[in-house]
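Participant: Residue numbers (this note's numbering), protein chains in the order written: chain A, 1 to 224; chain B, 225 to 459.
These aren't lab readings, by the way, just hints derived from the structure by calculation. Certain hints may be false.
Residues from chain A shown here face chain B by an in silico Cβ test under 7 angstroms; the list is partial [what the hints assert, rightly or not]:
| id | residue |
| --- | --- |
| 1 | 159 |
| 2 | 161 |
| 3 | 168 |
| 4 | 175 |
| 5 | 176 |
| 6 | 179 |
| 7 | 213 |
Label-pair ranges, simulated between beta-carbon atoms [said to hold, decoys possible]:
| id | chain 1 | residue 1 | chain 2 | residue 2 | range |
| --- | --- | --- | --- | --- | --- |
| 8 | A | 84 | B | 440 | 25 to 33 angstroms |
| 9 | B | 325 | A | 13 | 47 to 55 angstroms |
| 10 | B | 325 | A | 192 | 31 to 39 angstroms |
| 11 | A | 23 | B | 353 | 27 to 35 angstroms |
| 12 | A | 161 | B | 371 | 22 to 30 angstroms |
| 13 | B | 382 | A | 136 | 13 to 21 angstroms |
| 14 | A | 208 | B | 447 | 50 to 58 angstroms |
| 15 | B | 240 | A | 23 | 56 to 64 angstroms |
| 16 | B | 231 | A | 90 | 52 to 60 angstroms |
| 17 | B | 291 | A | 208 | 30 to 38 angstroms |
| 18 | B | 440 | A | 122 | 54 to 62 angstroms |
Cβ coordinates follow ideal geometry from the N, Cα and C atoms, glycine included.
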Amino acid sequence: MTTARAAAIVLTKELRMEFRARELLSTTVVFALVIVVLFSFAFDPTAGESRRYGPGLLWIAFLFAGSLMLNPSFAREQANQTLDALRMAPVSPFAILLGKMLANFIFMAVSEAILVPVFAVLYNISIGGIVGRLALVLALGTVGLVVAGTVFSAIAAHARMRELLLPLLLLPILAPLLIAAVEATASLFAEQPALDRAWLAFLAGFDIVFLTASWLLCDFLLEE
Amino acid sequence: MKGRSAAVAALIFFAGYAALFIAPDESTMHEIQRVFYFHLASWMAMFTALSLAFVANVAWLVTRKPHWDWLGVSCVEVGVVSCTAGLITGVLWGRPAWGIWWTWDARLTTAFILWILYICYLLLRGLIEEPQRRASLSAIFGVFAFLDAPLVYASNRLWRTQHPAPVIFGGENSGLDPTMGKVLVVCIVAVMAMMVLVLIDRYRLERMRHDLDELRLSVDARGVASNTVLTKGLP
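All chains should be modelled from the sequences, with the hints used to inform the complete structure.
Facilitator: Below is the structure:
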């Protein structure tokens, strides 16, 4: 079986589980919303202020929500030793990892699609003219978030206190991604929206480095 | 072992003396500049230790020889200590030189993030029971942390920077006074020697821990075996 086909099967399984339980998406969206609302109390969101803090706030909300949402990705495979069953399948370990990454990407993307309009309304930022470009920035940032997050979810699943450990491992590693994503988003939220190519290239570079590293290391990550 | 420790201790004392009394006064920053000799030496020790940790992490994943795992954790611990020394000396120097304790400059931020990442590495090790798995997963995290360092640096470089560019290997008018250069070399050698000494000790400690675990396991296994014999002997 090719890696792509195996990854697609893992992806379908993840989506089906989520469709049946509907617990991950709803909690993630509500959690991110809570952060966005809390920030509006911490900073006064007038139009000028929200242009300055808005992008950072948005990405902090995504990063926090992601670091919580990615936890069950591997942790719930522990409960009935289903990860062992997955590993016994004659597919490359990268297919399992890739399937989970794709599923997590879809979950994050759906949460972001719900959150961004709400955020724009609450913080008075008009996103009408920049939807396509914003989607590109969000996509590149989210790829980096889920690639690193899925790998670290597999690491944290074997540790004690894994709910606490995953954000601890993930958030500092994502510092460069946060800077690049916030700067790229900020240039879109400015008076004269522009796509910052340097930061986009940086985001793409981050994604490539982490995806390559996880491809090289996945054999060790999912070994018994 | 004791002779080596004494030699390194003497070297460190001499380096401290040289930095405080032998090195000439710096023209703009005066006395506070003397912290520089240990500041730079700490960073070099950190860089060496963490690079070695990366090599050890990759080598463990490829070869599965336990000594690479021992070397990896020893290097990270020594690297974190050197990083702490570098951060503290940097903060002490920053206040008089820049007028602020801390600034989010590329190098400072990179050092700070590295410090947090490798502390997380040590935390991660503490939270995984099974030795084989602990070694693999922490090695994977170590590789990711090391790959992240240049990205943190590049992102901050693109963003903002305040730390002075290196003056030692710079253009024509840059460079150190010859005495300063000698004192710097003494300090770097002393700090590196201390790092290697601590690293060797830490490595031995890790090996002893491993041997102890093996012994415990074999005693447990024997205990289980004798229990089975007993139960079998019963009618």
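Participant: All hints, please: hold or fail.
Facilitator: Hints, verified against the model:
Checking residue 159 of chain A against chain B: minimum C-beta separation of about 4 angstroms stays under 7 angstroms; hint holds. Of the supplied interface hints, the one on residue 161 of chain A holds, with its beta-carbon coming within about 6 angstroms of a beta-carbon of chain B, less than 7 angstroms. With 7 angstroms as the threshold, the beta carbon of residue 168 of chain A comes within range of chain B, its nearest partner Cβ sitting at about 5 angstroms, so the hint holds. Satisfaction of the interface hint for residue 175 of chain A is found here, the shortest Cβ-Cβ separation to chain B being roughly 5 angstroms, below the 7 angstroms cut-off.
Given hint, residue 176 of chain A at the interface with chain B, holds; its Cβ is 4 angstroms from that chain's nearest Cβ, closer than 7 angstroms. With its C-beta approaching chain B no nearer than about 4 angstroms, residue 179 of chain A sits inside the 7 angstroms limit, and its interface hint holds. Residue-level restraint check for residue 213 of chain A holds (minimum Cβ-Cβ distance to chain B is 6 angstroms; threshold 7 angstroms). Checked against the hint of 25 to 33 angstroms, the C-beta distance between residue 84 of chain A and residue 440 of chain B comes to roughly 27 angstroms, which is consistent with it.
A C-beta distance of roughly 52 angstroms is found between residue 325 of chain B and residue 13 of chain A, which places it inside the suggested range of 47 to 55 angstroms. With their beta carbons about 37 angstroms apart, residue 325 of chain B and residue 192 of chain A fall inside the hinted range of 31 to 39 angstroms. At about 29 angstroms, the CB distance of residue 23 of chain A to residue 353 of chain B agrees with the hint of 27 to 35 angstroms. The beta-carbon spacing between residue 161 of chain A and residue 371 of chain B, approximately 25 angstroms, falls within the hinted interval of 22 to 30 angstroms.
Distance hint check: the CB atoms of residue 382 of chain B and residue 136 of chain A are about 19 angstroms apart, consistent with the given range 13 to 21 angstroms. Between residue 208 of chain A and residue 447 of chain B the beta carbon distance is about 52 angstroms. The supplied range of 50 to 58 angstroms therefore holds. Checking the proposed 56 to 64 angstroms range against residue 240 of chain B and residue 23 of chain A shows it holds: the Cβ atoms sit about 59 angstroms from each other. The beta-carbon spacing between residue 231 of chain B and residue 90 of chain A, approximately 58 angstroms, falls within the hinted interval of 52 to 60 angstroms.
In this structure the hint that residue 291 of chain B and residue 208 of chain A lie 30 to 38 angstroms apart at CB holds, the actual value being about 33 angstroms. A C-beta distance of roughly 58 angstroms is found between residue 440 of chain B and residue 122 of chain A, which places it inside the suggested range of 54 to 62 angstroms.
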